[in-house]
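Q: Chain residues, written in single-letter form:
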Amino acid sequence: MQNLISNFNYVIVVILMMIGLWSMLAQKNLIKKCIGMAIFQTGIILFFISIGAKDNALIPILTEAANHTYHDPDVAKVANPLTQILMLTAIVVGVATLGVGLALAQKIYQQHSSFDEDEILENQRK
Amino acid sequence: MDFLGYILICAGLVFFLGTTIGLLRFPDFYTRMHAAGKGDTLSTVMILIGCICLSSTQVDGMELLLLALKILLIINFIFIGSPTATHAMMDAGNKAGAAPWIKDSK
Amino acid sequence: MSTLPIWQFDALLLIMVVLFAVVALSIRNLMGAAIVFGAYSFMMCLIWAGMGAVDVAFTEAAVGAGVSTVFVMSTLYNTGATMHRRTGGLAFKLFIGVVVTVAGVFLLSALPDLPAWGDPDSPVNAAVAPYYITHTIADAHVPNVVTSVLADYRGFDTLLETTVVFIACIAIYSILRVDKAKLETDEPAVVAAPRYDPGDSLIVRQASRFMVPFMQLFALYVIAHGHYSPGGGFQGGVILGASLILLAISFDLKFLLRQWSEKTLMMLVASGVFLYAAVGLACVFMGGNYLDYGELNSILPGERDMARSHGILLVEIGVGITVMFSMIAIHINLASNGRFDRGL
Amino acid sequence: MTEQLPIVIILGPLLGAVLAAFTAWFRPKLSHPLVVVGLGISFAAALKLVFIVADSGAQKYWLGGWGTKQGHGVVGIQITVDHLNTLLLAAVSGIALLTAQYTKRLVDAELAGRQRYFYALFSLLVTGLLGITITGDIFNLYVFMEIAALSSYALIAYGRGRAYMASFNYLIMGTMGACLYLLGVGFVFAKAGTLNIDDVSAIIPELGQSQALFVGFVLILLGAWAKMAFFPFHGWLPNAYAYAPTASTALLAPLATKVSVYAMLRIMVTVYSIDYIIHSPATQSLVLYLSSLAIVAASFFSLTQTNLKKLAAYFVLSEIGYMVGGAWLANKPGLTGAMVHVVADAAMTSALFMAIGCIVYRLGQAQLDDLKGVFFKMPVTMAAFVVTMAALIGVPPTCGFFSKWYLIQGAAQAGVWHFVAALLLSSLVKAIILFRIIEIGYNRVPHPAIEGNPAIPRNEAPLSMLIPTVAMALGLIALGLGTSTLVNTIISKALPAALTP
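Just so you know, the sequences run in chain order S, G, F and W. Note that this note's numbering has the first sequence beginning at -7, numbered continuously upward. Note that this note's numbering has the second sequence beginning at 277, numbered continuously upward. Note that this note's numbering has the third sequence beginning at 105, numbered continuously upward. Note that this note's numbering has the fourth sequence beginning at 3, numbered continuously upward.
For the record, the hints were derived by calculation from the structure and aren't laboratory data. Backbone N, C-alpha and C define an ideal beta-carbon position, used for all residues, glycine too. If a hint is listed, it holds; no wrong ones were tucked in.
If the Cβ cut is set under 10 Å, some of the chain W residues that face chain S in the computed set are: (1) Y144; (2) V145; (3) A151; (4) L152; (5) Y155; (6) A156; (7) R164; (8) M167; (9) I174; (10) M175; (11) T177; (12) C181; (13) L185; (14) G188; (15) A192.
Subject to a maximum C-alpha distance of 25 Å in a straight line, what follows is the list of computed PhoX-like cross-link-like pairs (lysine-lysine): (16) K62(W) / K495(W); (17) K358(F) / K371(G); (18) K71(W) / K69(S).
Make the full structure from the sequences, and use the hints.
A: If you want it as structure tokens, here you go:
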């Protein structure tokens, strides 16, 4: 059973990636495209966090011993901080991209009164 | 203290169950919001107080005080935020013209 | 503390996440999609917190579930929330479906080759990462390893990340901002249906007025205490931004803009990045490499490790400033459609 | 102080942009000079580094002083200037500097009243592109990629109207590319445990046959291809470049795609060794077919265009095919050709779009039919235009000839004749288009020198635009004449040692 779990995270990552990618490419609605994009990004974040996870590990904050000294950490019992930093960056990049995408979508809606890609293209041909 | 914590958490879960059933089964927008707003707030607050009780057996002193203070802050936010949000949504529903359920209507 | 994770619970969450993703994409009401997406993000937070990534979960809760949802909603406030049912295009959708499935199978083919979940000896956990855990106290005296890696070992990434937020802010500003004078001639004014304004309600106004100081207090704690507990400039900045966004929603934009004019907001956005870059530059002038805060020990109190610790605090404040004001400026732009007058 | 030069390259445009964003609010006129100064500092540092690298090899710089630690590899972020990227760094910062000077008048004319953040975004885009080129860390590369991408979405959206939709499509494709790249980095990271390019490249050969590494490689390549608009992902590029304001296109078109090609080269040559490609011949021949297809399709579409900007955008697409194909030939002349062509094509595209910008500035639009008599109106601009087109076609003293020569040599050596045919066909198409433009611009109006015909007044673009255009066109010839020196002193050292000569 443990083996299933060990790969289960990765399977979910792949499914989320597929959902997000499909939505970015096949959905016609601009907002749905943006949401698909965000889902793809969270899937990737899940992947990174999964490769950095450790069994029965604590959060990466060292515990304090007396008087501003700290216990020597047991590396195998502290979750990997590196993947977490990378994903903090990725989350912030994700929200920045989402914001710009929404701003563009809003401008497009002002011109065409629609979020639908086909309708917008028809409008542009006129 | 542990016992009290578990009791509180279980009671909270019961209320949560009630909320969920109410949300699904009540007939109109207003009654559903009523269930969601009330039960949700109460059960969350109970569960959080249960958490304070449970953690009091694991940590102590200054650390417990800080932890309890943080949880109390969360309770404060939920206690004010959740009913206000419910109120705003009800108000919006009222203005948008959602019809309330009357006894004989279907 | 506690041991992690109860695997049944984790597996359930993972399945729920997929369900929520599907629902968010198939719901026809866009406002509903935004809400479901927010719930999806919260589920994700739980999963990450369960794997020990508290800082990431915290950021996702503040950014992904909180602010992103607000952004989508303020966009929808100015546009329309419903999707028209359209037929056709099925062949294209199927084609993309096949492509995506092929990609998925290709990715799955690599699974047996990846290290097992939770293996403390996998390359990721054994190569570079242990250095941070064992040296963070000696190098920077910061027990929260995430903070020390974020702002010190990989501080350059964080500088750039702050720059990304800054870019997003000025990009949205350039895309959306319109002059009121030009409005009549240039852009067709969107005729907005009368909408519900939460600011009409006394209860909402008073409640948010009561909550905002607590939120700001908490945010400052998150920034200042980021060395010892989860949090830091990003999370704190987002919460500070959210507190003012709450004011903007519960009163109105004018109320916010009376205190923070457009000019002040946009200049403060730039000042945070500038503070970060300048701290780095100061290190160069003191004779070290860029962002080597240890060199600042002659102007900051303490030895090299404490100087690093203080340098980290300085750059976190820079990050906080930029993120806070970016979030507010982005919200104002999206909510008022670039007119800076009224809106969600 | 020279050891600080690598970071100066990034900091110049970054600080310039931040300061420009400040001054935009109280001294709007200061924004442009600030950005130019920042780019100038960056260019000076990059130029100095070219000589340093040629003399004493690769320069490494550790941010925060976090270099190699015993048993852990590099714990911080490293930026590297070596033989592979030093020329491109100089080219990117130099072209950006010239373009910043050049666009001043265009921006004042095209974006009047809206240019508050234009130069800040301009400078940030250059920061991102320089960062992609200089970084020695595969995750840092992703962040720089996003910096470049976000600022370019905004720069394109300045065009208004249809530009918004073009920019949105670019955003979706660009984010997809970045996400695929990041996922690929995840796979590499999962196997290698480090993000530093030098360390990863040392670890990968030790791991042997690994499916995860292969998946990572493919994902990274797909990501880079989406960013550079390689054949199946090319849909966003023509609209984005055609509807963007000319000032934005003048910067985006020459640099953005080329830097993505460089990122692909870096992954292929440094992170994964070139053996990796040689040992997977099926993938190799597939990519070669794709590049030939990209070249042929883009050439075909460029024939059907009536808008000069769109036509040039299709040229960009076909040049992408050259570089990807050249790199995947995986032999010495092919890789040399690709590396030379990245720099040469940046210069050529820059000159092309500068000339088009001059035409747009005077004529107001860039439809082919409006070019009647343009040779008499703007003789200097058109001279530069013809030189640029000659370079794109591959006429000998220009740089386009030499890179193309290397590419054809490489293709012949590998026996990939369809690639040779595609290269020649694309040259032919460009020649046809050049002659068509000459026909429209020269012959469609009665010749003014002949007695009795109406005189056509000279109406050259302003000097601030004309000088960079001419300088760039002359630079093409200079670059062509200097190709052999560059190849011998710098590029030949960037090639992996394992290659067959």
